[in-house]
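Student: The residues making up each chain are set out below.
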Amino acid sequence: MSAPVLEVSGLRAYYRTAAFGIRREVRAVDDVDLCVEAGEIYGLAGESSCGKTTLIKTIANAIQPPLEVLAGSVVFNFKDQRIDMHGASREELRDIRWKRLSYIMQGSMNVLNPVRRVRHAFVDFAFRHIGRSKAEFLDIVRAHLRRLHLEPDVLDAYPHQLSGGMRQRVTIALATVCRPEFIIADEPTTALDVVVQKGVLAMIHSVQRELGSSVIFVTHDMAVHANLTDRLGIMYGGRLVEEGRTADVFRRPRHPYTAHLIASLPRLGDAAPKEGLTGAPPNLADPPSGCRFHPRCPLASDICQREAPPMTELAPGHRAACFHSDQVMPP
Amino acid sequence: MGRIFIDLLRLNRQFAAGIVLLSLVTLFALLSFVSPYPPNDSFVVPPDLPPSWTNLMGTTSRGQDLFWLLTFAIRNTLLFGITVAVISRILALVIGLVAGYSGGLVDRALMSINDTFIVIPLFPILVLFYFVMKDHMSWGLLALMMACLGWAYDARLIRSVALSLRTREFTETGIFSGMSMRRILVEEHLPYVLPIVFSTTMNNINWSIGFEVTLSVLGFTDINTPTVGVLIYWANQHTALVAGIWWWIFFPVLLVILTFIGLFLLAVSMNEHIDPRSRLGRSEG
Amino acid sequence: MISGYPLYLLGRLGQFALVVFIGINIAFIVTHATPIDPVEQSIAAATQFGSTSPEAIALMRQSLRELYGLEGDLAEQYVAFWRRVAVGDFGPSLSAFPTPVSVLIGRALPWTVSLLVVSTLLTWALGNLLGGLAGYYAKNRTLRLAGLLAMAFHPIPYYIVAFLLLIVFGYLWPVLPISGGYKMNMTRDWSWEFIGSLLSHAILPVCSLALVGLGGWFMGMRSLVSNIVTEDYVTYAELGGVKRGRILGSYVMRNALVPQVTGLAMSLGAIFNGAIITEQVFGYPGVGTLLVSAVHVGDYSLVLGITTVSIVAVSLAVLLIDLLYPLLDPRVKVR
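In order, the protein sequence lines correspond to chains A, B and C. Sequential numbering from 0 applies to the first sequence in numbering that gives the first Met the number 0. Sequential numbering from 0 applies to the second sequence in numbering that gives the first Met the number 0. Sequential numbering from 0 applies to the third sequence in numbering that gives the first Met the number 0.
Certain hints may be false.
[Unchecked claim] Here are a few chain C residues that sit away from chain A, every Cβ distance over 10 Å (derived from the structure):
1. Leu17
2. Val78
3. Leu128
4. Phe168
5. Asp188
6. Thr229
7. Tyr232
8. Thr234
9. Ala236
10. Leu238
11. Val241
12. Leu327
13. Pro329
[To be verified] According to the in silico footprint, chain B covers these stretches of chain C (three or more CB under 8 Å from chain B):
14. 82-88
15. 112-123
16. 145-156
17. 298-307
18. 311-317
Bear in mind the hints are in silico, worked out from the structure with no lab data behind them. Yeah, the Cβ is synthetic: ideal placement off N, Cα and C, and Gly gets one too.
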């Protein structure tokens, strides 16, 4: 098997602020290791403020103060090019952006420049990679839009004239027009209603199959993961707590937090109300000692308070960070 | 509030500089109460003396000691600015809060009127006002006139905050528990807009003093009440610059510029304090 | 969108009408709230400067009574006042009798308008450009220094800044003309020499207007830009590898300009005040100088005429900006 397309190792990224002389450090991403193989859809799940979006930003090197990367590396192995995201120069990064690595962002409402027509976004993002004349370029864009069942007229619209679902489809078309090898999708369906969501997911799936791209797909919605992703990573309190093939994770979760996420999915024939987790998500400015989940964990024991459990391989390709993974009940 | 004040003073250089400047100016104005000469008497000292140890800022061609005269002038100028600010604050608060709270048609109507007052060029109107009042023109009348014309910009700011408060939970709780509009505005909304009112007050004082100085220098006010502008007016009348009595112009202009910069620094630093986004930006840089 | 524009247009026209209406009413109220008899006072003031024929005085008195609205009851006075405003007829000037006020204003207006247009566009463009750069490259020292300088002049009123420039360039380092619109006794023949004289006389007025104005645009733009750089569409463009210059120009600045244009419309009144004050300091032959001298010689019809024309002119300029605004912001909705 060839090397994974994306290798993240020991990544640590904190928000560091100092307001009125008081220093604050939010440990949004703490020692994360993960790999994404060629052609797969890797899902990333976890409740809000668990560090998913920060992890994505760090992988994409979209780092702005107060976010700082303290340790670790992010390496992409593209077909004929290896690039270290935090070691590469501005120009090298600009060269791979959109051609090899593109993004579908959270909150599609506002990712397109509100005062310019959609056409300009395509020109700004993709023209330098596709080249040729402006007319030929626009023909390629139109053909691409048609392939995705979009009217080429959207090019002449302003973002505010499109519906939320339409805008997200346009963004997906924009993100795939250069046939990138890797796509980062950060909560692309969160702000959409269920019907539109389904269409958008189908679109991402089909375009991914067609291009053979690898995808990191971030959402807190476990149902989406179950239907779309090949492998799944679960984040909690800035750390990766479980990772494995999606089917395996759903069949036999190895971390109590994963079990809770799966159990909270609605099922046909449910009678009893769902049990929620007690307590609040951890404060990452002052995280709990040991395992960050222990204050809310039904299985917690003394060791969980003292030591952070390491990621351990419990079955082929299935890792989890829990001292009591054998006690986790399958749903 | 006190805590905020100390924080600002300690950590925001602009704020500290503004406070220092204004304290100096105020202190200077307070000296007027121990002045050896009444403000309107002339020829109490030899005229046209340059600054010296006996006459710190020199004397005018009208035989006044500039130092003591200026203490009265800056006191009147500051009082003028504060009077305009207080009256126009009341107007701005009432109109801003009511428009923001009511929304809809009331809001639109009030803001249309508001925008009108922002756009209308005031200087010709104030000149016209002086023209018909002439000798009846007084310091207080001008202050009242300026307050009636100068509330609009700040009413707009207050309204935009009030508009966002309207949809907050405590407003609805207040409405459902049967509080009157007046009580909701005064007890619930007012505390939220006060920081803005504070920073706009500084800008408003700046604005009104600027106009007062301009009108006075042109002689379009009551030229017998000493203000900084009136002082410059008399200096011009006696062609002080041509005659080489530079101190007669220099000290009033210097003092009024210090006042402007002091007020401006306070307004800017307070604005920054109110807007957390720019505060974050500052803490990094 | 197409249905939005006529509505927007209607709203802006309504606002224009309202500004003119309220402005003229203020002028009416101000002139009628006076406890003194302005007619006799004006005549006394006007005639003290030279001999005026009794017929002229009678004509003046009649014209003044109408202008002051002292003929008929209050309602009639009000209607008469509006009629004069509507046709732009403010009667003859008292100080330059019998030249009509409208002619005097018409002569002065081009000076003021060109001074205003040049200085405002220059100040606005420069302030926004520097402010935008300062917001985008927040760590650049030169830009920080520029900001500090722009801010230092900003709080000082127009009159004082103009006055300081007058002292510096009139007494301390006399290199620039400090008074008038062009060299005295020069023929207005549009030769290069005349144009050069026009320009050199405009330097100080334009500079003093720019010194006061720059800081406001600079600070406004800087804080707008520092907020816009955190918007999703800017982050997205950065992730897309769009060139920095293009992000700054067509994403950041382009969006920040939208509120800055509204700001320009809102500040026109204040800028106009500044221009006429500055004119007076430098004896620039525009409306401001005319207004101040009209007060000094007690020319009521001229003062009233200038006030009304100012109100209408500023509202028209605001309307013009409002009409161009949709070109900049495609999201125009009725406010």
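Student: All the hints need checking, so say for each whether the structure fits it.
Tutor: Here is how each hint holds up against the structure:
Annotated as non-interface, Leu17 of chain C keeps its C-beta farther than 10 Å from every C-beta of chain A; the closest such distance is 28 Å. For Val78 of chain C, the shortest C-beta to C-beta distance to chain A comes to about 47 Å, beyond the 10 Å cut-off, and the non-interface label holds. Against chain A, the non-interface label of Leu128 of chain C holds: every CB pair exceeds 10 Å, the least being about 18 Å. With a cut of 10 Å on Cβ distances, Phe168 of chain C stays outside the contact zone with chain A, its closest approach being about 42 Å.
For Asp188 of chain C, the shortest C-beta to C-beta distance to chain A comes to about 46 Å, beyond the 10 Å cut-off, and the non-interface label holds. Under the 10 Å C-beta cut-off, the non-interface status given to Thr229 of chain C relative to chain A is violated; the minimum distance is some 8 Å. The non-interface label for Tyr232 of chain C is inconsistent with chain A: the shortest C-beta to C-beta separation is roughly 5 Å, within 10 Å. In this structure Thr234 of chain C is not separated from chain A by more than 10 Å, as the shortest Cβ-Cβ distance comes to only about 6 Å.
Remark: the non-interface label on Ala236 of chain C conflicts with the geometry, its nearest Cβ contact in chain A lying 7 Å away (cut-off 10 Å). Once the 10 Å rule is applied to beta carbons, Leu238 of chain C is inconsistent with being away from chain A; the minimum gap is 5 Å. For Val241 of chain C, the non-interface assignment is contradicted: its Cβ lies about 5 Å from the closest Cβ of chain A, within the 10 Å cut-off. The beta carbon of Leu327 of chain C is not kept farther than 10 Å from every beta carbon of chain A, the shortest such distance being approximately 7 Å.
Not every Cβ of chain A is farther than 10 Å from the Cβ of Pro329 of chain C; the closest lies at roughly 5 Å, contradicting the non-interface assignment. Only residues whose C-beta sits within less than 8 Å of a C-beta in chain B count toward coverage, and the region 82-88 of chain C has 0 of them, not enough to reach three; the restraint is violated. Figure legend: the region 112-123 of chain C, annotated as covered by chain B; annotation inconsistent (0 residues with Cβ-Cβ distances under 8 Å, at least 3 required). For the region 145-156 of chain C, the stated coverage by chain B is satisfied: 6 residues place a CB nearer than 8 Å to a CB of that chain, which reaches the threshold of 3.
Counting residues of the region 298-307 of chain C whose CB lies closer than 8 Å to any CB of chain B gives 5, which reaches the minimum of 3, so the coverage claim holds. Interface restraint, the region 311-317 of chain C with chain B: holds (3 residues with C-beta to C-beta distance below 8 Å; minimum three).
Hint compliance for this structure: hints 6, 7, 8, 9, 10, 11, 12, 13, 14 and 15 are not met, and every other hint is.
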